[in-house]
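Number of protein chains: 4
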Amino acid sequence: MNPVRLGMVGGGNGAFIGAIHRIAARMDGRYALVAGALSSNPERAQASAAELGIRGYSDFNEMAVAEAARDDGIEAVSIVTPNHMHAAPAIAFLNAGIHVICDKPLTATPEQARELADAVAASKARFFLTHNYSALPMIREARALISDGALGTVRLVQAEYIQGWLADHSDSKQAEWRADPTRAGAGAIGDIGTHAWQLAEYVTGQTPASLSAELSSIVPGRSIDDDARIALRYASGAKGGIWVSQVAVGQENGLSLRIFGSDAALEWRLQRSEELIFTPKDGPARILTRAQDRSQSYRTPPGHPEGYLEGFANLYSDVADVIRGDTTHLDRIPGIQAGLSGMAFIAATQASSAKDGAWTQVSP
Amino acid sequence: MNPVRLGMVGGGNGAFIGAIHRIAARMDGRYALVAGALSSNPERAQASAAELGIRGYSDFNEMAVAEAARDDGIEAVSIVTPNHMHAAPAIAFLNAGIHVICDKPLTATPEQARELADAVAASKARFFLTHNYSALPMIREARALISDGALGTVRLVQAEYIQGWLADHSDSKQAEWRADPTRAGAGAIGDIGTHAWQLAEYVTGQTPASLSAELSSIVPGRSIDDDARIALRYASGAKGGIWVSQVAVGQENGLSLRIFGSDAALEWRLQRSEELIFTPKDGPARILTRAQDRSQSYRTPPGHPEGYLEGFANLYSDVADVIRGDTTHLDRIPGIQAGLSGMAFIAATQASSAKDGAWTQVSP
Amino acid sequence: MNPVRLGMVGGGNGAFIGAIHRIAARMDGRYALVAGALSSNPERAQASAAELGIRGYSDFNEMAVAEAARDDGIEAVSIVTPNHMHAAPAIAFLNAGIHVICDKPLTATPEQARELADAVAASKARFFLTHNYSALPMIREARALISDGALGTVRLVQAEYIQGWLADHSDSKQAEWRADPTRAGAGAIGDIGTHAWQLAEYVTGQTPASLSAELSSIVPGRSIDDDARIALRYASGAKGGIWVSQVAVGQENGLSLRIFGSDAALEWRLQRSEELIFTPKDGPARILTRAQDRSQSYRTPPGHPEGYLEGFANLYSDVADVIRGDTTHLDRIPGIQAGLSGMAFIAATQASSAKDGAWTQVSP
Amino acid sequence: MNPVRLGMVGGGNGAFIGAIHRIAARMDGRYALVAGALSSNPERAQASAAELGIRGYSDFNEMAVAEAARDDGIEAVSIVTPNHMHAAPAIAFLNAGIHVICDKPLTATPEQARELADAVAASKARFFLTHNYSALPMIREARALISDGALGTVRLVQAEYIQGWLADHSDSKQAEWRADPTRAGAGAIGDIGTHAWQLAEYVTGQTPASLSAELSSIVPGRSIDDDARIALRYASGAKGGIWVSQVAVGQENGLSLRIFGSDAALEWRLQRSEELIFTPKDGPARILTRAQDRSQSYRTPPGHPEGYLEGFANLYSDVADVIRGDTTHLDRIPGIQAGLSGMAFIAATQASSAKDGAWTQVSP
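Just so you know, the protein sequences line up as chains A, B, C and D, in that order. So the first sequence is residues 98 to 461, counted in our numbering. So the second sequence is residues 98 to 461, counted in our numbering. So the third sequence is residues 98 to 461, counted in our numbering. So the fourth sequence is residues 98 to 461, counted in our numbering.
Quick caveat, the hints were computed from the structure, so don't treat them as lab data. Don't take each hint at face value.
[Unchecked claim] Straight-line Cα separation of at most 25 Å, PhoX-like style, residue types lysine-lysine; simulated pairs:
1. K452(D) - K452(C)
2. K378(C) - K378(A)
3. K452(B) - K452(A)
4. K378(D) - K378(B)
Could you build the full structure based on these sequences and the hints that come with them?
Encoded structure:
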């Protein structure tokens, strides 16, 4: 099948997440990266494009117009800029009829989110959000199990995403814009809290109705949240909790999800990403692996560890299917709804925390 | 050394925790069980005493008086009755000058707790509370590490105690009185929440200043809490969380403690009770074992698993040392203060939850 | 039920395994230790007896005669001397009609083993061997699963017992006699290899027909084996391996057993002694716990870790049952046959290794 | 940097390892696959090439000549055929001056291996062998630690590679040729035993001097080894063991390596491929992660799991460096010597097993 012609906004030399998206696009041979506005700095943009051997642009608006006009123009674009720079390029490409694959969280502000949602609604092109963890095979199997009723009624949901890399003040490029409220919009809750939120929502199929949040800035002098504890109430009566931290010393990337139902429980941890523990109420725990993953979201036999990059690639390949006309798996790709839900999560946590933890409705 | 002559109140035939206390007392050969008021039912009390070959009493008041009067009377008594029956016998024996080893939580009500505290203050005998988990060797080492400053400033404290055994209505003897507010005083927060609270307090040396709680009765028709999520604020600025559940299907006894400081972190789980994970900020995690436990709270070399009963026995043997005049380790045995703190925890969670999670001061 | 009156030979002040046996005897309240010849040094023997408050003897022969003559004499005796001193006292007590509970391995030489076996055959008293690991609940469940056919035909058996405590020359009392061929009879293969051998034999119900062994003395200057690799052939066509080491630096007590059948597999590790991994051929691994142990060899609910001492106590309590007339569980207590099998294992490994690994028949 | 122009022999539609090599080549954007003789069946070869959009050949000899003659001809070729078809194409491309990246084991017979080694010696092109596991970051760090002397003298080496997928007769394409002695040359020892052998050799820097092997065909009717237990003697006095099985029911891909030195130990398992346990003699075990990997053989921060495909890609990218003139990491890429060593391992195990386990010299 013809590779999808792909562009990229952001992701110039030295950028972390841009390089990840490029690997994900390459992994299964479904994309050809051909154009990019890789930096807001024109010189860096051109140099980075030259290094990758692709058409370089200094401006994403210009790029959207030019690529839309070419016969061999890009069919999709990856947006891998900092959060506050998601909405504008995404809207530009959507308006130009080019599919958008956007990094999370959706935007830095609710206003940007609404504008972007309007653009998605108005466009004939599609919008995808790279909540990569939800494309891991054992997460897809977790979702299938709950959807099949294997847990009975979901009663308790516990998600954690704890890291230690911001335990001190840092001047790395990645750390710097994340700590600036005007560019990031939110701290830990935006950067990784939205992953935990989306993962719980994706797997359970339920969005919490309200929450009570305690946002903290643990590192002295930091002006943005670096730790958050959030209690959740579901309309169903289920209860939940999210713990997010970027000052949990020694935690490299501690994402986990535990769900307890009336009949069985599920437990998953990113650091054991190929295992899903399923425990029925009256029997021993079972260690499910890809041998049990009905979505077959992998390239190698069970026991040959796949991980973070492969999860990202699962998303990219699903998107390629959709672009090539196969929408079989469209419903498992996060899109604008997941993005709006994440923004509602951020808004509700900030509102609740500002009111000393008052229970606050989540309004996606 | 002469074994300590021990009595017991509660713990008749078929009782769970009474049998545990007896094993703990026997383990190191430091006690001789010689008397008991093993049941509130006189016939069952006598039958149980006969079976154990000890002096039997039908009434703990009578027992306290009679034993205090004997030359070979008991030196200490274990109180292993349901929560609402802790205070009265404890006070009776303290008044009789007999040391008391009491199961947790302290009492069923704050009023009982205050009366008991007064009796402790007035008695020449000592009062001990069997928060057994805090006597495990790796927990003692965790406490020593924090006390030594190995974690720097404590920033985050996360304790969990989740079980699944009350996921359904149950008619077992153990389940029954625990689900009755008048006899238990509290549900999951009293039964196991106090363990989590005490463990965090014991290891960090800090008591949270205030908390915000969400108590739930997940199982339809249950009138007492079976799940609780509690956010903690420490006077130092540290934050914390406690999650307690008895409806977490498949969890046999999921007690864990994670503490993150400015310089290092600690992680411990009961199901890996012989391991303490210590992770310095800039180096790999280290799996500490009893080979690193400076308290030497064990009987066998590292690698020969000890566990729950040995933890209980550590407490009993420490108490025996104190009774025989060696107070070296007095400060590591939980007593009336730990009990009052646990009662303050229960009161604050109930008050906060009743006010929809309002932050509530903890007043031990 | 009346406690069994117990004596002890060896196990004086400072001895490791004697203290363990005493805890095991005390744990369930089934024994009263009343007499002992606790040391071959008469003064130390009397001092140790006085400290324990029991009748002291300087000589085990004298003790056997004297105790047999008393109305309140011991009913059973624990032999906890070094290997070369097992046979003589065991025979003396058996001849006196007193039950013997003997530490492993059976003896230091095949000659001693034969004499002891004759004494067992001739005595009306019983002989028990404390292969304690085989009394752990998950090991008993493993045996039940294989006996029930849950694994299909056993094909592969892999046992390991690796420790690091003899990685250097040591002058501890425990290390010293173990490194002396005349007192220990064998090195690592006797001390811990017999545990691995017995565990595999106990769980599978099969004794290997022949073996090929490579015994090594890794530490320079050591005259006894401290590492052994042994290949096994079973009459059934199954194959197996045993790896034993006492120079595996960092291994505290690495005993494990893995068994693969035509239909399913079992895996157990002492360091996770409460878990038994059962993996059917066509399904996910299951983590069995004491909730699945049909032998109910425990005192506390699943999730309350029991371990090494409780395993020992399981044996002692089973022996007490037998002595009190309940032979229900007689077949699960290792006895003279297990001891002779272990001696045959030692003899065959030494013979094979001396012939450069030639396959050698095992002749129990 | 210009991508390396790559060809492929074998790996047509449906082939397992060919697809893996293609992903590995794509992952880091260092290769462009442009030509292939993808099947020995001409029609399938052309169809597979067309599907991949590359130049298709029906015959690898023809391909070698034609590509060598083109200005834009391939610079390197991947050989991903069954074992008995490695030597002929590898020799053809080496003779044509084209670099060869060959799947393991080297060949099906010692004769083929010698011819291939001669061709490597005579060619100006280079030869690489894809022992992919040795390119995982924690394995590279393990090698660096031993090379640095962190373990002291290596004393014990234990490697395992156990799988369960051939526990029954199978008619899958992958299973079929592997079970045919004429095409595979060896069974489990060739397919996965060579991985274990190479991993131990790579990490320790030592090749065993002699071995004693017990090869088995466990599944009734199978004519090739499916289980092997091998004892190793090193010239240094170190001892070792390799256990290989393809009938270990429930094991998906159980590759592990444990090394014990005089000062410290290392432990690594593929199923926890991102962790390397380092245990110094007198301190706690340390869980090394990519944060400690000095080779920086990864694309993402520690905690973002990489695995099997990334290990393969590490090799491919190292090879691309060499082809582009950067030989910094040449010594960490397995080549003809690793291949010959693996063949010597196979030959020695077969010879030893045929002589009932007689110790047999390994002659690479």
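Do the hints match the structure? See the list:
{"no.": "1", "hint": "K452(D) - K452(C)", "in the structure": "holds, 14 Å"}
{"no.": "2", "hint": "K378(C) - K378(A)", "in the structure": "holds, 23 Å"}
{"no.": "3", "hint": "K452(B) - K452(A)", "in the structure": "holds, 14 Å"}
{"no.": "4", "hint": "K378(D) - K378(B)", "in the structure": "holds, 23 Å"}
In terms of the numbered hints stated before, the structure departs from none.
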